[in-house]
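Participant: Residues per chain, in single letters:
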Amino acid sequence: MSANSTLTESLQRAASELLSDLNVAVVIGYGRDGESPFSHPEFVRKPEDVERLVFDDRCFGNLAVYLSKDAIRRMGKIGIVVKGCDLRAVNVLLREHVVKRENIVLIGVPCTGQGDPLPHKCSVCEQRNPQGCDIVVGDPVEQPQINAEQKYSDAANIDAKSIEERWEFWSGQLSKCIRCYACRNVCPLCYCKRCIIEKTIPQWIETSAHLRGNIAWNVARAFHLTGRCVGCGECERACPMDIPLSAINQKMAQLMDEWFDFHSGLSSDEKAPFTTFSLDDSDTGIL
Amino acid sequence: MSQKTNNSTDTSEWQPRIVAFLCNWCSYAGADLAGMSRLAYPAAIKIVRLPCSGRVDPMFVIKSFEQGADLVLVSGCHPGDCHYTSGNYHARRKLLAFRELITFLGIDPRRFKISWVSAAEGAKWSSLVKEITAEVKALGPFETYSKILTGEPGR
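Chains as they are written, first to last, in this note's numbering: chain E, 1 to 287; chain A, 1001 to 1155.
Quick caveat, the hints were computed from the structure, so don't treat them as lab data.
Hints are not guaranteed to be accurate.
What the hints assert, rightly or not - Heads up, simulated PhoX-like pairs for lysine-lysine below, C-alpha to C-alpha not over 20 Å straight-line: (1) E:Lys199 <-> E:Lys100; (2) E:Lys176 <-> A:Lys1147; (3) E:Lys199 <-> E:Lys176; (4) A:Lys1063 <-> A:Lys1046; (5) E:Lys69 <-> E:Lys193; (6) E:Lys199 <-> A:Lys1063.
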């Protein structure tokens, strides 16, 4: 499918307006480059450059990752193009006080999914129409009803295995990891200036790419994102070794859903499960 | 006493390695009380004293397994008794979620125990350690993890 021309036009108009009248220093959106299989991130700083912006069905990236980058923040007020999944990440950044609401302008785009065939996260997306944006371009799209079974099907497939089969599966998958940390770098919520992997006194995680360190790294990554991950699936898309990281994130999201009825990133004033507690939390499995 | 002598001198039998992270105010004092009350418990357990069960980072558990632990125990104050008011409540959520995560990854959840032991529960501590030691002895060495300890670079 080619670029969605009406959506692209209204997006360009909105961006031009922001850049010329509203004190926005940069608009982060997607740009198209010939026959590239995906639309790359595009940073537009002048109104006359807005024609570089597009929105089509190959806008995979989660642009919220740029909001925490110092080089971008220094530019001034940021306009950012967000799909529903990206908006959830922005909400977490707002909730964690990484960005200030007054420093960003959210340009929401309705999205029916990226890529063909649709990735799992798009086929079970419940945020096709982003809520709470400053500007919404294009018309709202139809939002199908999704049940929990569909949402957590990847995790359920692995949950169906015995403990030995799971170990067999994950030790095979995780031993492929080359520790490039693409999963971390592409994640909008992995914004720590100094990641645990770079800390050496003490060194919690071995840095060479063998299974022992790989397990430690992937456990740490998954646990640091528990109750925060919005399921944008960028980690898995970026992984050069095709490790099914989304299944792990999905499992933890399912837990947060079942235990605390919590869905990360649906609003910017929610409280993350691990920053609070309830006296009625389960004691199951505690001796 | 004869039982204790058996435990420490019989080297032919495999002895598990248990790492226990205890909070300073309840569980460590409970273990202390067990000692003062002359309640014997297996020497397989190695105690690490922490200020609070809320201090336990999941990396402690992973690191223990990496270093050859066959079982990891985290023990803190009963809910409502935390010296810092709420550390154990935070720990409860986090550690139960962590157990689900390692279970999902195929790491046997029977190797990771959580318990509440108060400063008055010396007897509970002693019987708890006996119980988990017997359990881990029945499970045997944690070979799924110790196999990767041999330096074999995965597959």
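Participant: Now, for every hint given, state plainly whether the structure supports it.
Facilitator: Cross-check of the supplied hints:
1. Distance restraint check for Lys199 (chain E) and Lys100 (chain E): the Cα-Cα separation of roughly 28 Å exceeds the 20 Å cut-off, and the hinted pair is therefore not satisfied.
2. Proximity of Lys176 (chain E) to Lys1147 (chain A) is assessed by CA-CA distance (about 17 Å); at most 20 Å being required, the pair is judged to hold.
3. Pair hint Lys199 (chain E) plus Lys176 (chain E) does not hold up; C-alpha atoms about 23 Å apart against a cutoff of 20 Å.
4. The suggested pairing of Lys1063 (chain A) with Lys1046 (chain A) holds, with an alpha-carbon distance near 14 Å, which does not exceed 20 Å.
5. Of the pairs offered as hints, the one joining Lys69 (chain E) and Lys193 (chain E) holds, with about 10 Å between alpha carbons and a cut-off of 20 Å not exceeded.
6. Under the criterion of a C-alpha separation no larger than 20 Å, the hint pairing Lys199 (chain E) with Lys1063 (chain A) is consistent with the structure, at around 15 Å.
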